[in-house]
Amino acid sequence: DAKTTQPPSMDCAEGRAANLPCNHSTISGNEYVYWYRQIHSQGPQYIIHGLKNNETNEMASLIITEDRKSSTLILPHATLRDTAVYYCIVRSRSGGGADGLTFGKGTHLIIQP
Amino acid sequence: GAVVSQHPSWVICKSGTSVKIECRSLDFQATTMFWYRQFPKQSLMLMATSNEGSKATYEQGVEKDKFLINHASLTLSTLTVTSAHPEDSSFYICSARGGGARYNEQFFGPGTRLTVL
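Protein sequences, first through last, are from chains G and X.
If you read the first sequence in our numbering, its first letter stands for residue 11, the second for the next number, and so on.
If you read the second sequence in our numbering, its first letter stands for residue -19, the second for the next number, and so on.
Chain G on its own, in the form it takes in the complex (with noise of 0.2 Å):
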């Protein structure tokens, strides 16, 4: 799986959107942008993922360049429930999600009332 970079932490004020960038340079072409959080003492969470095209869901937006070398999880309206540490991971889905997942260190976004 393709190596991720993302920064170690970010802040955000509460009601504000929080961008959360992600470069993953030697991604390839089967390969696709997940984003996981993890609440502090919790499991991770999934929160979106995809190819080349920006996807929503009701959690989030993801921009993904067209290059596919970075993208950026968008949180609309930032709560501080939101503090949590966010993972950007490339994987490839061909093996049928039969791979565990390669967590890097994460971006611990911190939401500021």
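FYI, nobody ran anything at the bench for these hints, they're computed from the structure.
Every residue gets a Cβ at the ideal spot worked out from N, C-alpha and C, and that includes glycine.
Incorrect hints may appear among the rest.
[What the hints assert, rightly or not] Residues on chain X that point at chain G, a partial pick, calculated with CB under 10 Å:
hint, residue
1, Val(-16)
2, Gln18
3, Gln22
4, Met25
5, Ala28
6, Leu48
7, Ala52
8, Thr60
9, Cys74
10, Glu85
[To be verified] Quick list of simulated restraints, FRET-style, between CB atoms:
hint, chain 1, residue 1, chain 2, residue 2, range
11, G, Leu90, X, Ile(-8), 29 to 37 Å
12, X, Ile(-8), G, Pro86, 37 to 45 Å
13, G, Lys62, X, Arg93, 35 to 43 Å
14, X, Gly33, G, Ser51, 30 to 38 Å
15, G, Asn33, X, Gln22, 15 to 23 Å
16, X, Gln9, G, Thr66, 26 to 34 Å
17, X, His(-13), G, Pro31, 35 to 43 Å
18, G, Lys79, X, Glu32, 33 to 41 Å
19, X, Val(-17), G, Leu90, 20 to 28 Å
20, G, Pro123, X, Thr(-3), 38 to 46 Å
21, G, Gln52, X, Leu56, 33 to 41 Å
22, X, Ser(-15), G, Ser35, 34 to 42 Å
[Stated by the list, open to error] Calculated Cβ distances over 12 Å to all of chain G for the following chain X residues:
hint, residue
23, Gln(-14)
24, Pro(-12)
25, Ser53
26, Thr55
We have chain G already, so just place chain X on it with the hints.
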């Protein structure tokens, strides 16, 4: 849907004892489950992949005789930490591969915090 539970949520044991942690998929069948551990201020590290009805596959550096994994049914995998020592104290998290339309997704349990005295 796609809920995964773990039991217990925390456990404290004496050095040398064995501890069993259960991981259950509550509303779907999971042919594949994964076990991770997370030390303080570190990221999750994959320990092993558990397939229903077959032997688990362990990551490099993980002792299979120390961390016994059993995946006897489509909804239950267990991790037994044998002869636990203080260095085994960690946050153990399981995940289960989804079924049906969510075949490629992994759903995580809430984790089990193990403290070995």
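Results of checking the hints against the structure:
no., hint, in the structure
1, Val(-16), "8 Å, holds"
2, Gln18, "9 Å, holds"
3, Gln22, "8 Å, holds"
4, Met25, "8 Å, holds"
5, Ala28, "8 Å, holds"
6, Leu48, "18 Å, violated"
7, Ala52, "19 Å, violated"
8, Thr60, "19 Å, violated"
9, Cys74, "8 Å, holds"
10, Glu85, "6 Å, holds"
11, Leu90(G) with Ile(-8)(X): 29 to 37 Å, "31 Å, holds"
12, Ile(-8)(X) with Pro86(G): 37 to 45 Å, "41 Å, holds"
13, Lys62(G) with Arg93(X): 35 to 43 Å, "39 Å, holds"
14, Gly33(X) with Ser51(G): 30 to 38 Å, "33 Å, holds"
15, Asn33(G) with Gln22(X): 15 to 23 Å, "21 Å, holds"
16, Gln9(X) with Thr66(G): 26 to 34 Å, "30 Å, holds"
17, His(-13)(X) with Pro31(G): 35 to 43 Å, "37 Å, holds"
18, Lys79(G) with Glu32(X): 33 to 41 Å, "38 Å, holds"
19, Val(-17)(X) with Leu90(G): 20 to 28 Å, "24 Å, holds"
20, Pro123(G) with Thr(-3)(X): 38 to 46 Å, "44 Å, holds"
21, Gln52(G) with Leu56(X): 33 to 41 Å, "21 Å, violated"
22, Ser(-15)(X) with Ser35(G): 34 to 42 Å, "38 Å, holds"
23, Gln(-14), "8 Å, violated"
24, Pro(-12), "14 Å, holds"
25, Ser53, "19 Å, holds"
26, Thr55, "17 Å, holds"
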